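The listed protein sequences derive, respectively, from chains E and H. Numbering-wise, our numbering comes out as the position in the first sequence, counting from 1, plus 733. Numbering-wise, our numbering comes out as the position in the second sequence, counting from 1, plus 733.
Rather than coming from a laboratory, the hints here were simulated on the basis of the structure. Here the structure is a predicted model, which means the values were calculated and not measured. Be a bit skeptical, because a hint or two may be false.
Which copy? The list can't say, so a pair holds if one copy fits it or any two copies do.
[Said to hold, decoys possible] EDC-like mimics (lysine to aspartate or glutamate), calculated; alpha carbons at most 20 Å apart, straight line:
hint : residue 1 : residue 2
1    : K775      : E792
2    : K735      : D784
3    : K735      : E770
4    : K735      : E778
5    : K735      : E794
6    : K745      : E792
Protein chains: 2
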Amino acid sequence: MKFRFEVVVTLKEGLLDPQGKAILDALPTLGWNGVSEVRVGKHIELVLESDDEATARAEVEEMARRFLANPVIEEFRILPGHGAEP
Amino acid sequence: MKFRFEVVVTLKEGLLDPQGKAILDALPTLGWNGVSEVRVGKHIELVLESDDEATARAEVEEMARRFLANPVIEEFRILPGHGAEP
């Protein structure tokens, strides 16, 4: 079966996020004044073959930990699953 | 009140995603063979001041449509809300 997962990789709190700061600084010039914080991260969508959802999720978690996120400066989370692909 | 939202911006289906392809091509050399699709997008987290959650969400949606996503090649969605910030 195929399973689809979404992984969100974000910078750890406290680290400078230049992309987020650029957006934050641009918003008032575009008329939006109420925004106090912007952080930009990565969103990675994967489809993988596996026997069941728990095994697939464990594999995605290992990929995220070892390869997709840099553990020194980033953290990740897996969004609620989509179940098996049709 | 302050509200936190997460916006996911992804490339439209069918468009070439070089970042996703780079990850997909690297996975087998790292021992993962079951992955058939990888798409990389942006994850943007915002905190904004607003009277209520519906108004805040409408504002985030307008920001995403007019500024955060490029409507020609990208689409966006707002993840389920966090409610008011403490």
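Status of each hint after checking the structure:
no., hint, verdict
1, K775 to E792, "within (19 Å within a copy, 22 Å between copies)"
2, K735 to D784, "within (8 Å within a copy, 43 Å between copies)"
3, K735 to E770, "between (37 Å within a copy, 10 Å between copies)"
4, K735 to E778, "within (13 Å within a copy, 29 Å between copies)"
5, K735 to E794, "within (16 Å within a copy, 31 Å between copies)"
6, K745 to E792, "neither (23 Å within a copy, 26 Å between copies)"
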